[in-house]
Each structure stands twice: as structure tokens, then as C-alpha cells.
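Novice: Starting from the known structure of chain L, arrange chain V on it as the hints suggest.
There are 2 protein chains.
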Amino acid sequence: MDIQVCFSPLSYPLFDYKNTIVVVIDILRASSAITTAFYNGVSKMIPISSLEEAHQYKQDGYIVAAERDGLIIDGFDLGNSPFGYMNNKVKGKVIAITTTNGTQAIEVSRNACKVIIGSFLNLNTVIKFLNKEKKNVLFLCSGWKNKFNLEDSLFAGAAAQALINDFEFKTICDSTIAAIELYKLAKDDMFTFLKNSSHRKRLSKLELDRDIKYCLTLNQCPVLPILDGKFLIKGD
Amino acid sequence: MDIQVCFSPLSYPLFDYKNTIVVVIDILRASSAITTAFYNGVSKMIPISSLEEAHQYKQDGYIVAAERDGLIIDGFDLGNSPFGYMNNKVKGKVIAITTTNGTQAIEVSRNACKVIIGSFLNLNTVIKFLNKEKKNVLFLCSGWKNKFNLEDSLFAGAAAQALINDFEFKTICDSTIAAIELYKLAKDDMFTFLKNSSHRKRLSKLELDRDIKYCLTLNQCPVLPILDGKFLIKGD
Chain L
127 MDIQVCFSPL SYPLFDYKNT IVVVIDILRA SSAITTAFYN GVSKMIPISS LEEAHQYKQD
187 GYIVAAERDG LIIDGFDLGN SPFGYMNNKV KGKVIAITTT NGTQAIEVSR NACKVIIGSF
247 LNLNTVIKFL NKEKKNVLFL CSGWKNKFNL EDSLFAGAAA QALINDFEFK TICDSTIAAI
307 ELYKLAKDDM FTFLKNSSHR KRLSKLELDR DIKYCLTLNQ CPVLPILDGK FLIKGD
Chain V
127 MDIQVCFSPL SYPLFDYKNT IVVVIDILRA SSAITTAFYN GVSKMIPISS LEEAHQYKQD
187 GYIVAAERDG LIIDGFDLGN SPFGYMNNKV KGKVIAITTT NGTQAIEVSR NACKVIIGSF
247 LNLNTVIKFL NKEKKNVLFL CSGWKNKFNL EDSLFAGAAA QALINDFEFK TICDSTIAAI
307 ELYKLAKDDM FTFLKNSSHR KRLSKLELDR DIKYCLTLNQ CPVLPILDGK FLIKGD
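Protein sequence lines correspond, in order, to chains L and V.
Just add 126 to the spot in the first sequence (first one is 1) and you have the numbering used here.
Just add 126 to the spot in the second sequence (first one is 1) and you have the numbering used here.
Extracted from the complex, chain L is given alone in its bound form:
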């Protein structure tokens, strides 16, 4: 089985996505928030791209998470801080969510064979699922407004390395090799490695260091969010 890494949703159409499982990655913070939400008992989530749709879902009575540029949009219930999803108010609920990068990446990948959500919080669950499915894999980094970012690439590298070292996966893809090398450099202290990252600086300005440390924690939330039509649901 082949592994590819796509560094930006903009480049997604260049990759083979037929008969391929796409892993959508937005470490800071949409994919970490979604993983946390399911771990905390959210029933379903509805990933949406536009604020217009978000307003419609709000009018229809849903709990709606809406984030742009790191902040909760006025009038909505949640942003993409994972800590917002750690309370009983979300348990059993359906939550619509739109974010700057992550939900856009989910949108472009809808034509794939299967779409799952990956974060450091569910790394081993993702690896186990991919090994069970035995299909080609495309790691889709959400990036920042279609640009490359480090933290999403590190996750792609972590998962790709495990699949290649421990299972029957391989790669001939330069971006996969780069992601693995970057992860090997960073893995002992990802927080420090990211200290020069533009996105980390952006979040730090918003005093969200606690979020970053949490989002870099391994296997805290062993659940598998998987796309099922318009919903994200909790996979087996």
C-alpha cells in the first residue's frame, strides 16, 4: 500500500485519491478539536465550509462551532479550542463546525474512498485503522490558508513512519519523505521544534499555549472520526 502526503488542500487534485483513504489533518486545532469532541461523547459533527451555512445551522437550532483566524466568530457557541469540547453540554449532541482550514480540507476530500480525521490525540487509532483497511493512504495537511505548515506535516510524518516501519506500507513520494524526516527531528520535543513556526506564534499571541501543548499530546483520545455522508461519526 502506498503513502502520499499532500501539504495543502490546493494541491489535493494532483494526487491519486481513488481507492485511497484520506486522513485530514489540522493539528492546530480543528482535527484535534474534532477528535476531542468525539472522545467526550459528541454524537455527530457536521463539517461545513462557509459562515453562511454556519448561520443557517444556528438558526435551525444546532450547536455551531465557527472559527476564523483563531477566534470564535461572534454569535456562535464554540471555536476550535479542544477545551471547548470537554464538557457535558456537548455529550450526545450534533455539532456543526466550520474552521479556517480544517473543514475546508474535509470539503475537498469528499471524493475519496474514505475520509478520517487524524491528530496526535488519536495517532495510534488512525494507524491501526489504516493497517486494518489495507488501502492506499493520502495524508492531507490542512495547512494555513492553503500554505504549508509544520505541525500538520509532523503528524503526517509520524503516521507515515509508523506505517512504513511497522506494517506493509511504502512510499515513493518526496513530501512523505520530507514529513518523516521532519518528524524524526522534532519528535522528542515538538513544542520546542515548533517555537519558530508562524502558526504557533499566531496562536501564542492569542495566549493559547495550553491548546498547543494539549494538541501535541499522543493518544489521549483513542477514537476515530470518520466521514459518513454529510456527518462525521465515531468509527469502530
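Hints were generated in silico from the structure; no laboratory data involved.
Treat each hint with caution, since some may be false.
Copies of the same chain are indistinguishable here, so a pair counts whether it falls within one copy or spans any two.
As the list claims (entries may be wrong) - In silico lysine-lysine, DSS-like type, Cα no more than 30 angstroms apart, as pairs:
| hint | residue 1 | residue 2 |
| --- | --- | --- |
| 1 | Lys271 | Lys261 |
| 2 | Lys260 | Lys321 |
| 3 | Lys271 | Lys240 |
| 4 | Lys217 | Lys296 |
| 5 | Lys240 | Lys170 |
| 6 | Lys261 | Lys321 |
| 7 | Lys321 | Lys144 |
| 8 | Lys217 | Lys261 |
| 9 | Lys310 | Lys296 |
| 10 | Lys356 | Lys313 |
| 11 | Lys356 | Lys260 |
| 12 | Lys184 | Lys310 |
| 13 | Lys321 | Lys217 |
| 14 | Lys339 | Lys310 |
| 15 | Lys260 | Lys296 |
| 16 | Lys184 | Lys260 |
| 17 | Lys360 | Lys271 |
| 18 | Lys356 | Lys240 |
| 19 | Lys313 | Lys184 |
Specialist: Below, chain V alone, put in the same frame as chain L:
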């Protein structure tokens, strides 16, 4: 002065290119071939995107280089092997050139303040020029058919590291940080580092190891190809 690295011509429009010098990189092999050509006395080059234009230039009596997928197109004079440009036949001549990736990257960057051609063969010349100009810099990796590739990223990392360490440049760009880290890993033996790269495998199949070793040689050709209207000319 700010440094940015763009991993694919597809992403170029996302970057700030006003008041910015763009360094077009296609290590294997267009930017290495162009650097070699000027070092060997080519007078001017005309970078063109399409094979249609290439046929037109051929009809008009020009020497025309035309490469796709690593091979010289039938009926043309040269491909993008640097060794093709190391003979007296090209001296003083104007050569039109179209390649799979590199000349496409030149095409998208025409709206920048200045466009220069970077390769390991003229690394120090590029650095010296950028430091003299004192403008923001965007390293544009040609990649492979709009996908990320390792060798172009390594060159971007090498040049960015030198500009930041030795001169007054800085970066807040994740792709620049990634490129620098990859170069630091690879610099002692880039040929071995690239041994797993898909593009290197593609060239090796075509028995072009000699080209690769040459293209990874530092400062063999201290010239600066610079875009001047429709021509590439030799800068000061």
C-alpha cells in the same frame, strides 16, 4: 528582509511577490542547465512554456531546448541535461528552452519585482546578489508537476540558511523553516539523502546519475541568470 519558500508553482499566487525577488529553482535539471549554459557563454535564453512556442522558435531558426518527463523531445536540439550546454556550439547563441517544470515556474513568476535562476551551481552568486539587493525574497521551487520535491527544497533551505545566518534576513514562514531543517540534515551528502526521492529514482532510471551529481555540486558556475522581459540574460 523577509524570506519565504513556495513549494509549488501552484501555490505562488498565495505569496507576497510585490517588491520581492523570486528565485526560481529546478535543481533536476532546468535551473542547473540554465546556470551552466550562461557559464559556458550562451548569450541569452528565452524561457517558454509550451511545445507549440518551441516549434515556432525552431521554425524561426533558433537553437531550441525542449524537455518533457526527463527526455529531449524529438526534433529539438537540446534537453535539460547541463552537459548539453558545455560545448562551443552554444557559445554566443540565443537558446529558447521549455521544460516540464522549471520554465513553467518562470512563467508564473513574471509579475515579481525581479526573477533570477538559482541552482547549487551558483548558490553563492545568488546569495551575494540577494544581499546586495536588500529586498524580500521568495524561493519558488518548481517541484515535479506542481508537487513538492526534495532537491528544490534543499536548495531553498541552503540559500535561506545562509541569508539568515550571515546577513540581515529573517523568516516567519513554516516552509522556510522546513527547507532549512531538511538542508541541515542533507548537506553532508545530498546524493545519498536524495536516494529515496521519487524524482531521483526517475532520473536514475534514465541513467542520469552523472547529471544528478553535477547538479548537486556547489558554486561550479558563478553566474546569475536574470529575467529581462522575454529573455534570461547574464546579470552582473
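Novice: Checked against the structure, which of the hints given earlier come out wrong?
Specialist: Hints 4, 8, 10, 12, 13, 16, 19 contradicted; others consistent.
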